[in-house]
Structures are given as C-alpha cells and as structure tokens.
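Undergrad: Sequence:
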Amino acid sequence: MKFAIVIPDGCADEPQDSLGGRTPLQAARIPNMDRIAHQGITGLANNVPEALTPASDVATLSLFGYDPLRYYTGRAPLEAAALGIRLGPHDWAVRCNLVTITDDVMRDFSGGHVSIPDGRAYMKSVAERLGGGPLEFYPGVSYRNLLVYRASADAPAPFASGTRTQAPHDIPDRPIADYLPHGPGSELLRRLMQESRAIFTDHATNRARRARGEPPVTQIWLWGQGQAPDLPRFEDVYGKRGAIITAVDLLRGVAAFLGWCRVDVATATGYLDTDYAAKGRAGVAALANADLVCVHVEATDEASHEGRGDEKVRALEEIDRHIVGPLLDALPQYGAWRILVSPDHPTPLRTRSHGRGFVPWAIAGSGIAASGQTYDEPSAASGRHRFDRGHELMRFFLGPISGGA
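Under my numbering, think of the first position of the sequence shown as 1, with each following residue one higher.
Think of the hints as simulated: they come from the structure by calculation, not from any bench. Built from N, CA and C at the ideal position, the CB exists for glycine as well. You may find that some hints are simply not true.
[To be verified] Pair by pair, the computed Cβ-Cβ distance ranges are:
#  : residue 1 : residue 2 : range
1  : G307      : M1        : 20 to 28 Å
2  : D104      : R164      : 17 to 25 Å
3  : R129      : D104      : 15 to 23 Å
4  : R150      : R386      : 43 to 51 Å
5  : D264      : G357      : 29 to 37 Å
6  : H90       : G372      : 54 to 62 Å
7  : Q333      : C261      : 18 to 26 Å
8  : G88       : C261      : 21 to 29 Å
9  : H182      : G307      : 22 to 30 Å
10 : G88       : R190      : 19 to 27 Å
11 : K240      : G21       : 37 to 45 Å
Generate coordinates for the entire structure from the input sequences, incorporating the hints supplied.
TA: Dropping the structure here:
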C-alpha cells in the first residue's frame, strides 16, 4: 500500500472577521482536501503535550508517530541533522536566527526573510567574530542557522534542562526584555546576542539591503537548544520506507533521524513564494520508490506569523491545487493507497504565534468508508475520531480503519 501525508503547516485557525466569520480552511477553495474528507473520515489530534512548548519540532514528532514526551530533546539538534552536523554525546546545538530588532522590540524574526546568499554572508561574519573554542556557527537556509557548542565529559557545556529560551516567531512586535534566555548557560547566550549587534551595525550586506529598501538584520537570536535525540528509524517502528519534500531544515532533520529519503526541490523556499507545483511533482515522483511520501509546506504558517489572512487562504488553495490534487490522482495507480492531510499545530492569525490545541485531519483511501464531510475545523470536530495523544494518529493511519464520520 502507498501512503501520502500533506502538512499545511500551522493552517488550523479561528474564525476571522476578515473572512466573513470563517476560518482560513473554510474560506479557501480546497476541492481536493474536501474530496479527501468527503470520501474518507475526519477528526482531531492534539500534537503538543501540555508540558511542552507548542512548536513544529514537538508537533511534527507527534504527527510522525513519536511521543514527544519520550523523544523530544530540542529543536536545534533536529536541524543539525539536516545540515549533516554530527553532535557528540556532550554537544549542544542552538538555533541561531537572523532577526530585526529595533528599540528592543522584535520587528521581524526572519530579518526580512533574508536570501540564502545574504544569510551566508551574515553568518560568515558571525563565525569570524564570535566563533572559536567550543563555539561553531553554521549557515542554514535564509534566516535559519545554528550554533553548536562542542563539549566533553571533562569540559561540559553550560546548558541544562533548565535552560529557557524563546522562539522569536512567537513574540512579534513585542519587547524582547521578557523573552531573553534565562537559566543555566543564559549568560553566554545573552552575551553572544548582544555582541552580535556590533557585527551588523555597518555590515556590507545591510548596506546593500537598505539600498534595495529591505530591512537590515540587527542581531542573532539564540533559542531551541538541545542535545541529539535517540529516535528509532521509522521503518523499524512502522515497517514503511519514507520520503520527505520540505524546504525547512527542522523537517529535514527529523526525516534524517527517521531514516527517510530527503527529496530537495531547488525552487522551494519555505515561504509564501515557494514553488508549490514543483513540490507536488516531487511528491508524485517519490511515490515510485517510497512506501510513504510526506510533503510539508511552510507557507501557511508564515502567513499566520505575518498576520495575513488573505495569504493564508491563497497558500491553502495553492497546496490543494498543486500538491493534494496531483497526489490524489497518482496514488490509485499503485493499487491500495491512503492519504492524510493535517497541520502540525494551530498558528492563529490573531496571535501570529504557534498555539496549543487540536488540529483537524482528514484521511481517505483503501479500507475507509465515506463520511461526507468537508475539511475544516468544525467538520473535523464533529467526527468521531479524536486523538488526545497525537502520536497515536500515525498507527491509526497506517493500520486497518473502519469508516464512519
């Protein structure tokens, strides 16, 4: 049997006045997602345990069938795996955003969504000025980069489970004072963040960006620290060979730990301008060699972080047209098949940050009776399938299913 998963990241939301009292899922024209719900079943899943911070790292582990209370160690180690950075048993990885902060207010968690070449230029300067000794800085994709603290049993890192940091995308237009690192090792993180400001004050890349009317990067923001997790391979747990199409290092890193094949799409950006059609074509092609193909799209989440309901609706429509539709057409060619559509977590336009709570999912395919539903939050809430522990949805999706709404 062939399986496909489509993740419109953060698409779950609340009714919006700007959308006539509808959620983005209700407002969007998504005939293919609705076809999955109509021909299959819908329900809810809670991918973020109460004890953990609502974010894609925790929620994605749940969605892929791994209990984050057991396996989650931090976001940055997952991204390190995507970059091919090996962490030793005592090493720590820390996410390093390029951000724009003015008057000590977080104005842009992405530094204006810097290009990859600009991001590499910034990180080269950061590594030259702040790196050395145990500190290693690595460029990633756009504003998403890494710091690795190399340590040993004799020279341990200063961090611990009590180290607390804040994702910058969850504090839009807020003063940063209440969100700075605290706990073990926080003095180091704060010092590096503060010292990075001088690097960017008159940086050549900032001069070029200002000349183009683009916002400057003002500093680095350190968060998401952790050590390498011990994740069993997906094939060993679920007996399926996986492949993933995503532009986000976090998802690539999770896939690396799970033993999934990574299919890169050169024109996928992880933003609103991503190449939806190319990602859809890559997903269809990957079905030939994988048992399970996952296509992840970040655009819906980015639209929420920017508070742009119209763009969130547009992104959903692009995902439906260029990714869900082609997969639905291709899957039956392989005989028995199933498809799952689900976000990882809610990202409400109201808060512009990741949220807790249940997300709607829809499953259709072989062995599933039709429910006649549409794909949106109210319809999913009326379904009879609800997973308080979101990681249990994966085994349900892969296993025998008896239908019904």
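Undergrad: Now tell me, hint by hint, if it's right for this structure.
TA: Taking the hints in turn, this is what the structure says about them:
1. Roughly 41 Å separates the CB atoms of G307 and M1, a value that falls outside the hinted 20 to 28 Å.
2. Taken as a hint, the range 17 to 25 Å holds for the pair D104 and R164, whose Cβ atoms sit roughly 19 Å apart.
3. Distance hint for R129 and D104: a CB-CB separation of about 22 Å, consistent with the stated range 15 to 23 Å.
4. For the pair R150 and R386, the supplied restraint of 43 to 51 Å holds, since their beta-carbon distance comes to about 44 Å.
5. Checking the proposed 29 to 37 Å range against D264 and G357 shows it holds: the Cβ atoms sit about 32 Å from each other.
6. Between H90 and G372 the CB atoms are about 55 Å apart, so this pair conforms to the stated range of 54 to 62 Å.
7. One distance hint, 18 to 26 Å for the beta-carbon pair Q333 and C261, holds here, with the actual separation near 20 Å.
8. For G88 paired with C261, a C-beta distance near 26 Å keeps the hint of 21 to 29 Å intact.
9. Between H182 and G307 the C-beta distance comes to about 28 Å, which sits within the given range of 22 to 30 Å.
10. At roughly 25 Å, the beta-carbon separation of G88 and R190 lies within the given 19 to 27 Å, and the hint holds.
11. Taken as a hint, the range 37 to 45 Å holds for the pair K240 and G21, whose Cβ atoms sit roughly 41 Å apart.
Of the numbered hints listed earlier, the single one contradicted by the structure is hint 1.
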